[in-house]
Each structure stands twice: as structure tokens, then as C-alpha cells.
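Chains as they are written, first to last, in this note's numbering: chain A, 127 to 484; chain B, 432 to 748.
Read the hints as simulated data drawn from the structure, not as lab findings. One thing to keep in mind: the hints can contain errors.
With a straight-line Cα cutoff of 27 Å, these simulated BS3-like cross-link-like pairs (lysine-lysine) come out [what the hints assert, rightly or not]:
(1) K736(B) to K267(A)
(2) K398(A) to K186(A)
(3) K573(B) to K361(A)
Keep in mind that this is a model prediction, so the values were computed, not measured.
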Amino acid sequence: MTKLLKMKTNSVDSRFEAIRFIVAIGVALLVALILIFMVSKEPFQALQYLFLGPISKFRKIGNIIETAIPLTYLGLSVSIMFAANQFNMGSSGALFLGGTTAAIIGLVLPLPFGIHPLVAILAAGVMGGLWTSIPAFLKLKFGASELVSSLMLNFVAFNICIFIIMNYFRDLNAGTLASTKFFETVLLSNLVPGTRISYGLIILVIMVILSWLFMSKTKWGYALRMTGLNVNFAKFSGISTAAVILYSQFLGGFLAGMGGASEMLSLYDRFKWQMMPSYAFDGVIVSVLGKQKPQYVPIAALLLAYIRVGADTMSINGDVSFEMISIIQGFIIILIAANAFLKKYRQKMVVKEATEND
Amino acid sequence: MISAISLNSVFTPEFIFTVIRVTTPILFGAMAAVICNKAGVINIALEGVMLTAALFGVFGSGYSQNLWVGALVGILGGVLISFLLAYFALYLKTDIILAGIALNLSTVGGTIFLMFALTGDKGATNSVQSLQFPRIDIPFIKDIPFIGAAFSGHSLITYLAILTVFLVFFLLYKTPFGLRIRAVGENPDAARSVGIDVSRVQLIALLISGVIASFGGMYMSMAYMNLFTNNMVAGRGYIAMAAAAMGQANPVGTTIAAFLFGTMEAFGYQLQSQGIPSQFINSIPYISVIIGLVLYSMYRQRLLKKKKELKLKGKGV
Numbered sequence: 127m128t129k130l131l132k133m134k135t136n137s138v139d140s141r142f143e144a145i146r147f148i149v150a151i152g153v154a155l156l157v158a159l160i161l162i163f164m165v166s167k168e169p170f171q172a173l174q175y176l177f178l179g180p181i182s183k184f185r186k187i188g189n190i191i192e193t194a195i196p197l198t199y200l201g202l203s204v205s206i207m208f209a210a211n212q213f214n215m216g217s218s219g220a221l222f223l224g225g226t227t228a229a230i231i232g233l234v235l236p237l238p239f240g241i242h243p244l245v246a247i248l249a250a251g252v253m254g255g256l257w258t259s260i261p262a263f264l265k266l267k268f269g270a271s272e273l274v275s276s277l278m279l280n281f282v283a284f285n286i287c288i289f290i291i292m293n294y295f296r297d298l299n300a301g302t303l304a305s306t307k308f309f310e311t312v313l314l315s316n317l318v319p320g321t322r323i324s325y326g327l328i329i330l331v332i333m334v335i336l337s338w339l340f341m342s343k344t345k346w347g348y349a350l351r352m353t354g355l356n357v358n359f360a361k362f363s364g365i366s367t368a369a370v371i372l373y374s375q376f377l378g379g380f381l382a383g384m385g386g387a388s389e390m391l392s393l394y395d396r397f398k399w400q401m402m403p404s405y406a407f408d409g410v411i412v413s414v415l416g417k418q419k420p421q422y423v424p425i426a427a428l429l430l431a432y433i434r435v436g437a438d439t440m441s442i443n444g445d446v447s448f449e450m451i452s453i454i455q456g457f458i459i460i461l462i463a464a465n466a467f468l469k470k471y472r473q474k475m476v477v478k479e480a481t482e483n484d
Numbered sequence: 432m433i434s435a436i437s438l439n440s441v442f443t444p445e446f447i448f449t450v451i452r453v454t455t456p457i458l459f460g461a462m463a464a465v466i467c468n469k470a471g472v473i474n475i476a477l478e479g480v481m482l483t484a485a486l487f488g489v490f491g492s493g494y495s496q497n498l499w500v501g502a503l504v505g506i507l508g509g510v511l512i513s514f515l516l517a518y519f520a521l522y523l524k525t526d527i528i529l530a531g532i533a534l535n536l537s538t539v540g541g542t543i544f545l546m547f548a549l550t551g552d553k554g555a556t557n558s559v560q561s562l563q564f565p566r567i568d569i570p571f572i573k574d575i576p577f578i579g580a581a582f583s584g585h586s587l588i589t590y591l592a593i594l595t596v597f598l599v600f601f602l603l604y605k606t607p608f609g610l611r612i613r614a615v616g617e618n619p620d621a622a623r624s625v626g627i628d629v630s631r632v633q634l635i636a637l638l639i640s641g642v643i644a645s646f647g648g649m650y651m652s653m654a655y656m657n658l659f660t661n662n663m664v665a666g667r668g669y670i671a672m673a674a675a676a677m678g679q680a681n682p683v684g685t686t687i688a689a690f691l692f693g694t695m696e697a698f699g700y701q702l703q704s705q706g707i708p709s710q711f712i713n714s715i716p717y718i719s720v721i722i723g724l725v726l727y728s729m730y731r732q733r734l735l736k737k738k739k740e741l742k743l744k745g746k747g748v
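Same shape as in the complex, but just chain A:
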């Protein structure tokens, strides 16, 4: 009897979750609509670019996938770190550091074709993992807030990377800050002609599958999720929560570092990054959209990439700036994560289900 009731609420819950997801995105798009009508002289054209731009050309579809690749890495990274209930925002620094590490290996280590990018990506992962382990270590050892320390470390990582490239690898003939060219062997070659999608995509697919297996099929993933749900309960059931926190943060940074390497070796032939990035925030969006589940993260990343390519097309062809997207993203995160959003509606659904079946 109770089992039956539970099953009913479960089905209501998952249906309700889906509805809430759609309403949240609907509200965010409505906000986009209002903003566009407020600032644009040709709002209908802008809307057309926003929604249809990404599928207007083959190259644009390629752009969606190119944009989704780092977003997926970041989504996986943040999902694993947040699953342990650690608000570690170090993915930004880890990705930047990973890209820089891959660049340096591409600049100084002459390795054979095929092995070279793998070494670079693995080294980038290790660097990223070590970087995001710092806030976890400070939290475990001293109880220092991982949120504040990881945000501060992002600024430090950025400055370290720029310092190294500027002082040791700078191409003085280049007009802007750029390194000299990498060895050809390190580059990830093109996979889909007509786009910039490289063999990095295959590595990403493998990582998504591995992350999913790790989180849902291994005892380490189970320990991780238990620690995130209730650290005291996990401790009493014999899980070494300190170890869990350390390896979860390392793995999260590892994935972000790999993402940085994949970007660097797919899209560039020399180090050209100059802006302080806010990748961790991208990771948070994808992770919230994907419900912190590795198997949903790529879908969430594609959705976000679609909106971004649309906004990009719109800003190039019209008078609405690309940054509009960040307002929409904020709304999506907040509404999807809002536990009380549409709560009354859920109540009604449960009541209706119950009375209908009685």
C-alpha cells in the first residue's frame, strides 16, 4: 500500500520536475523576449537570429558542438565537485591552468605523433586536479571556506599562467600577447571537415561515459554521493569522508584541466588566451541544468551552446549584445534550483492524482 503510494508520488515528482524544467526555460526565454523588444530596433529579426541562427548553416551547427565541448567538461567537473557538497569554483583556474600546461608541453617536449596530445591532456588534467585540490585541502585541514579560497585561487591561476607565457614563451614578433607556435604533433587534428570539431570530441565522449560509470556504478561514486547528501551519515556508515572530498575535488579539476587542454590543442596553434575567464560559472549552469548527472550534462551543454550560438549570431547581425545571454542563464539556474518554484502546482498535481485513483 505504502509502496504503491510512493510509486505514485514518484511518477508525479518526475513529471513535475519535467514541467518545472520547461517552465523555467520558458520564463527565461520570456525575459529574453522582453529584453530584445526593449533594446532592439528590429526585434523580430533579432529573434529569428537567436532561435534559428544556430541551425541556419552547417558551420553554425559545428559551432554548437564546438561550444558544447568545453561546457561539457566544465559541467562534468562542477557536477562531481558539487556532488560532494563542496562549493568549489576552482574549475575556472583549473581549465586555464590545463590549457597552459598543454601549451607548454606543446612548446617544449618533442614527442611522437599520437602520444604527444595524450601526454599533454593527461598532464593538463593532473595540474587541474592538483589546483582544485588546494581548496579541498584547506577546508579539510583548517576549515577554511572552499568557496572563497577557490574564487581567490582563480585570479592567482590566471596571473601565474600569463606570467609564465609572457616571460618564457612569448613570441616577440606577434603584435599581441601570444606564445610561439606549438609542435605540429601536439595538435588535435580535425574530425569533421567544414567545422573546427577535432578528435578531442572522441576523448570527451569517453570521459562522459567514464564519469557516468564512476558516479553511478562504482563504490567510490556511491561514497561520493552519500558524503554529499549527509556527511555525518556517511561518516557513521564507515566512509572516509576526507578521502572522498579530496578525490572528488581532484577529479573535478582533472576534468576541467582536460577541457582546457582540449580547447588549446583543438582551436589554437599557439597560446593566445588573455581574458580572465569565468568558466566555473558556465560549469555551474550546465551542472544545474543537467541535475548533476554526468549522463545529462552533454545534453545540458548542447542546450546552452545552442542559446549561445544563437545569441552570437544575433549580436553579429543585429543591435542586441551577446551579454544578454548571461541574464537569461542566471534566470535558468535560479528557477531550476528553486525548490519552492511552482510548489502550489505540484500540490495540485498530487491531490488530483490521489483523488482520481481512489
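Dock chain B against the given chain A, drawing on the hints supplied.
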């Protein structure tokens, strides 16, 4: 050798002037964080509040050509963000950290979006003739050697920051509402049981913090500089949070922590003139926050341990 040169240049009125100058925005943010922490709400959106107020202040004063209208518009912009945080976190029950992150993200892009829509520029508000808060020369004090050059001639807002410390202290410890804030922060269930509307108190605390942090933002664009530039708050909201954490949300302790971070930043500027790479100097404020945070956390851990030991002794174990 470097440290010898630096030490000579540290004990100058110019250096103290710089310390006060760079601490002002952090101090506002830290006082805003103090009120939130006391009310038991973590306000990560301070960064976004400051950034929004910085832009709104510039537009408000630029288009009206009236400084006070500008200040009001700036405050409204900042309070809007903290109201959104309160609405999402307290009423829609979004995790407050996630909501804060989302708002910061939205404001970084949102300010650029607005700037581009109104001026057609994405980098800075060069085309808007923003007004500035006046500099104040304090009578008598300005004529005292050394002290005059260090403490007089700051922006009006800087003196307001010092005043805010006292106001926050007064609000928290000398008023009935301050008592309610502290009660809610200490134990929300107990507060609820004596009839305090916890969400309402937290909402008001967030709004007050929005007003205070807004001044920090406007200081950036209407005193420290005379225009708004893309992402100009640059992590000061987070540094302010760290200062409040280190000061245990006590206004006096937090002020000391804020000045500590300000001193480190000013020290960085000193080093810059001595040929230290700018990347190291830019990192100094953030590294000093991490070190400060770790030291504070170590201290707190030791304190907790001692308390536990005392308790055990008291029980005769």
C-alpha cells in the same frame, strides 16, 4: 633589498592615503556582509550588488547631472539585486549560494548588456559624463603635517564608510531590530518560537546590506575612477566576504580585516614601481585573502578545541 626600499616608502602619508583609498570599497562590502552573516544569510551576490550600483550610479548622475539623483539610482540598482537574492532564496527556496552565484553571473553580463544598449560601448562608459563624489578637506586636520596628508582630502564616500562601521555597530548591538537580526542568525527556530518573522528579518537585512554595498560599488565608478568599466569590481565583493568571515562578523574585527587586505593591495602598488612583474602584484590581494582565511580558520579551530577540552574537564571526564 626590495623589502628595505619598500619599508621606507610604507611609512609615508601617501601610503596611508592609498591604504584608505583602496580599503573603502572593501569596507562597505564587508559591513554589508557583516549584517547578512549576523542574520544567518550568506550574501555572495555582494559582488553583483556593487557592480550594478557602480553602473547605475554612473548612468543616474550622467543623465540627470545631479549627484544625489545618481546616488539614489545607484542604490536602487544595488538594492534591486539584493532584493532578487532575497526573493529567490527566502521565498522560492533556491539554495542561497547558487542564487548568489547566478546573480553575480547575470550582473557581469547584464551590466555590459545595459551599457551597450545605452551607449553602444562594451568596454567603458566613456561617453557618459558621470559626476563624482566630492573630496573633503577636513578643517584643522588638513594642516597637521603627515596626518593631514594621510587622512584629509579623501572622497566623501570614504568618510561615509568609516561612519557606516559605527552605524552598523549601533544597529546590531543597540537597537531592537539589531537584536532580532542576531537572534535570527544565532538560532532561527528559537527566534520563530518567540514570534519573530525570520524571513522578514532576513529580507530586511539583505536590503540594508544592499544599500551599504551599493556605496562600495559607486565608490569604484564615481570616486576611485570617474567611469564604469567592464567587471570593475574585480572580486572585491568576495574579498569583503572573506573580511567579514575573518572578523567573525564583528564590525570592529571586520574593519581590521578589511584594512589588512587594503594594506596588502596598497603594498602591491608600491612594489609595482620597483619593477616586480604586474602579475605578481595583481595576485597579492587574492593570496593575502587566502592566507588570512587560513590563519583565521586555524585560530577558530584551536578555540573550538579548547572549548571542548574545558567542557570535558567541567564534566569531570
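These are the hints, each one checked on the structure:
The straight-line distance between the Cα atoms of K736(B) and K267(A) is roughly 14 Å, inside the 27 Å bound, and the hint therefore holds. Distance check on the hinted pair: K398(A) and K186(A) sit about 23 Å apart at the alpha-carbon level, within 27 Å; holds. This hinted pair does not check out: K573(B) and K361(A) have alpha carbons roughly 61 Å apart, beyond 27 Å.
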